[in-house]
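So the protein sequences, as listed, match chains A and B. So in my numbering, spot 45 of the first sequence is number 45, and the numbers just go up one at a time. Start counting at 1 in the second sequence, then tack on 326, and there's your number in my numbering.
In short, the hints are calculated from the structure, not lab data. C-beta: ideal position from N, C-alpha, C; glycine also. Among the hints, erroneous ones may be present.
A partial selection of chain B residues facing chain A, derived with a Cβ cut-off under 8 angstroms [claimed, not checked]:
hint, residue
1, 344
2, 406
3, 432
4, 445
5, 495
These stretches of chain B come out as covered by chain A in the derived footprint (C-beta under 8 angstroms, 3 or more residues) [claimed, not checked]:
hint, segment
6, 419-429
7, 499-512
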Amino acid sequence: MLAFLIQRVLQAIFVMVVVALIAFSLFHYVGDPVLNMVGQEATEADRAALRARLGLDQPLPIQFFQFIANAAQFEFGISYRSARPVTDMIVERLPATLELAIISAIFAVVMGIVLGIYTALNRGSWLSNFIMTASLIGVSLPTFLIGVLLIYLFAVELGWLPAFGRGQTVPVGDWWTTGLLTTSGLRSLILPAITLGLFQLTLIMRLVRAEMLEVLRADYIKFARARGLSKRVVNLRHALKNTLIPVITIIGLQLGTIIAFAIITETVFQWPGVGALFITAVRFVDIPVMAAYLMMIALVFVVINLIVDLLYYAVDPRLRVQGGAK
Amino acid sequence: MSSTPSFDSPRGGDTAAVPVLSVRELRVEFPTRHGTLVALDSVSFDIAPGEVLGVVGESGAGKSMTGNAVIQLLEPPGHIAGGEVHLGAKRIDNLDEDAFVPLRGRHIGMIFQDPLTSLNPLFSVGEQLIETIRTHLPLNHKQARERALELLREVGIPAPENRLDAYPHQFSGGMRQRVVIALALAAEPELVIADEPTTALDVSVQAQILALLKRLCAERGTAVMLVTHDMGVIAETADRVAVMYAGRLIEIGPVEAVIRDPQHPYTRGLMASIPGIETSRERLYQIEGSMPRLAAIPAGCAFNPRCPHAVERCRSERPELLPAGTSRAACWLHDPTDPVIPVSEEVAADGH
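Only chain B is shown next, with the shape it has when bound in the complex (with noise of 0.2 angstroms):
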């Protein structure tokens, strides 16, 4: 499961050393009427070739927003307003949009959430295959052809010759989300971005596209960005983790150390409201509060209201990301020069 990250890939060479996608300071912006959210706040991250980050939080804590926003498909207003972001060693957030185009599906893919919605429901799927196909590799009608078979039968989609001028409303969710893998690996990109893509599915149906988008991944050192809210989807899959909050990155770690040793405050209470078998609680914990809306992110670490460790630097001074075990966490727990001291669990609950 939690394999290392597969440094000898084809594509990895001499070059290993450099991340296939790396964010630095990342920060999206939506200009409003009321003044400008802030979606994303600082965020950096870097993802290694053939490694598979899984990016978590609540709804609208600014992980699809993160995806989003690499590949640069935005809802204007919202724009990048400050940060890099490196696709290899090549700066691409200052592209602007004729430049972009061409990374689009050749070098970064993506696939969403629901493969219901995700297909044009007036062209077959071969239709859509072959123009994907065209656009990215230089080959001819029946190559490409050709090409579109290969990657409906490595997708799993059985008899391809008989299904490939088939339209999408004759395929059930799960095969439609094999066509949309089979688009978004088309042109063989370095990273693929995958936003929620089991969230629309059957359970049932669930853990074999995962295991498709794994292996197809893994053979071809593609590297993935996964998105989800579902920590199940995560410990399955991913070589490392990512925790958001509030349009802030406060967690990046191992996915068992941010599993099984969660480092923030935050973290360990999403941890713990996980049901589990073997855990029976009368209740499932829950974290007091909610949390807050982008136009009232409090000063300091956004968390601070909610947090049970909270004290007054939490509400004046945001923690950066800080060393903490085998991960790094943003929480002033883990500043080595002015660690807050833990309030124990008892005190914390008598808080309440």
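The following block holds chain A by itself, in its conformation from the complex (with noise of 0.2 angstroms):
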């Protein structure tokens, strides 16, 4: 168990220094930000006094371990647009993007397995084909679309939620915002957190139905039902138990995929989350958040990797207790 973990860990930093290489080349692919950066009448000494104060001067595998300490620190230097740390601008735009990641996950997770369960029991049923007919929108339409369509229905032709922004926040704590306490916060997060988890859900539904049919398939699901147990028991506690194992993995990667493609929706919404935040410095070339954006990304992909290997231990006892067969 332990070598597992230390394994799985040192594979984690493996990975996090390839997406620092990568964040870091960044720097030098995307032409010389120092000439954005200064105005036209900047002279040559006023370049390279910026040149050192970013410093770019350095050699460059100087400059790389320098970039991974300082993002081990979660310090990934100066905006070049704004000339603020970037780690400060990543902050105070993470609740927003956080709790609307976490939202529309709840509402996929919930919705999916639930809906999954569902479809998978009452097989051939005219609301199962409905909601697999309903399910093939959900995956073919792209998010930004969905977004623009709820805001058309809701906002604008019914007017009964806010088409964009966060509503009123309050402040929890020393940095941390909630938009989760005010009724203006929840009816604006109501949209943005549907055209998020929409795609999530008709993929955790269709996994949760496709896994549950197989496993209701299985001779334990004909033994359970032959021992005399009742469909809920069989349905809820054995057959769902173990549908559950392969639909972990998709929901952990799925998760990640939320955030990361919170991209899309904070802009629809505009919303004033992290992703809006990367979609700013792209269009203005602002390495250092575009950088620390990726490593934020990449970082929440391997935690979430590593809680789901975790999890897999904690549910299936083939992994947790070796052998012993006589």
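Now that you have both chains on their own, put them together as the hints suggest.
The structure is reproduced here in structure tokens:
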């Protein structure tokens, strides 16, 4: 168990270093940032001074090492555009993104599993067929289109929900602001959360349904029924637990995707999150912000993968309890 | 081996005459796009309390189907389309799923072929035993655990108190099948349907498992419907044997009689094709042709295209089970009013 954990952590560190290399190389292949930052009237001396301040005069390996050392302390330098520390910029926008991502992940996972179970157990009923058909829309429509359609229907036509922004937020603790405690914040969250979660929901639902149908054909399910266990126990205890093992992996990966692809939803709804920050950074070639964002997303994926591996251990005794068969 | 059915079992009492299971004219159909397949056609038999009825036949003959139909675990779209099934005095074929659930495990237990896949890999053996026991018996968790330990001890799991919290993958195949037997017998059902219970096991373990099953059922007076294609298993375990062919029951009788003096031409072929130590042949006997697919069962007797004795009547009229010696066989050879003159072996051989 411990060996497994150490191995996984080492793998995670390796992945992070590789991503850091990619993030770092951004600095050198996307033009000279100094030229973008200083005005046209700047002298060569001004440029050299700025270069030195940004550490761009050092040899490459030293710069890279410095980059990793700083990144390990969540230090990503200064934004080329706003001249503020990148970490501060991300931290102040992180709550918006995380709240959106977590709420839409909960929405996607809960609804996905419930609908997946329902459509698997009631195969062929008109409601299942309707849900399956509707899910095709969720899978095939691009996120931004769903967002725009939802805005048109619920914000423009019906006027029930706000079309953009995060609503009113209140501070919690030192640096976290939340929209979950105000009515306008919650109302603002509904449309973007649905937009962001819909694709994941349909994906999880279809996966749960397929896995569940597979598991329901298994011998141990037939034997569980032959033992006289009630339908409820067979379906929700025996079948569901086996169904969830492969589903956990996908859910884990999808959570990462939700955070990464919040970019589009945040743009559509003008949500003041990290994704919107990244889009602005791309527009202005603000490399430190882009690099920091890349590292952050990589970290999210790596951490989630680690958690998924550990969850496997918790759920599947075949991994947890070794052999012992006589 | 072939002990007479124990009518004096505790459950038997004065209702000894009532069979545990009585199947009458059972018909199972599978509707498909290309028409309805008849998987079981007019299958009738009884099992007395404490009796072991062996059900034999080739793959696809309908032996497992019969067991699944009795306990109503047919794979959809298969369904019972006719006939009656009585458990004791109660008719059970017309019960809906909710009414049937309480019968499973409590009155009819079932054992499947593959012990490796019969147990849920994510729950410990103890959890699966305790949930089964508590489903059927009014015991609290602690009492159920005691009973689970007792069951494991009975089926011959060494040191059950250490094994109760182990997971199925920590047991060998034979040990897992012992656990499966413990699960099937947990609520002391009157009837156990054992569907190829030893087929997936090593030969050395098969005999142990059969002996265990037979002993436990004899102790409890439990009737057994033993589905297998292995005549050796039947000879060793069953009191009576039913032979199936193309979804029909073609011969049923005491195990000695069916093995030593088979009455249906198919059964004769089946027995002749079993390799024996005494009978040394250059080549094993084999029945010409193969069992028809369900979609193409011939009119009359299903065996007629392969039968050396077939006459015109066999191709048009389906024989019922007729008394034949101490058995009953579905063959016109045994029709007392119009017996078909058996074609002598020589002529039959020439005909090939």
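Please name the hints from earlier in the document that this structure breaks, with their numbers sorted from lowest to highest. Violated: hints 1, 2.
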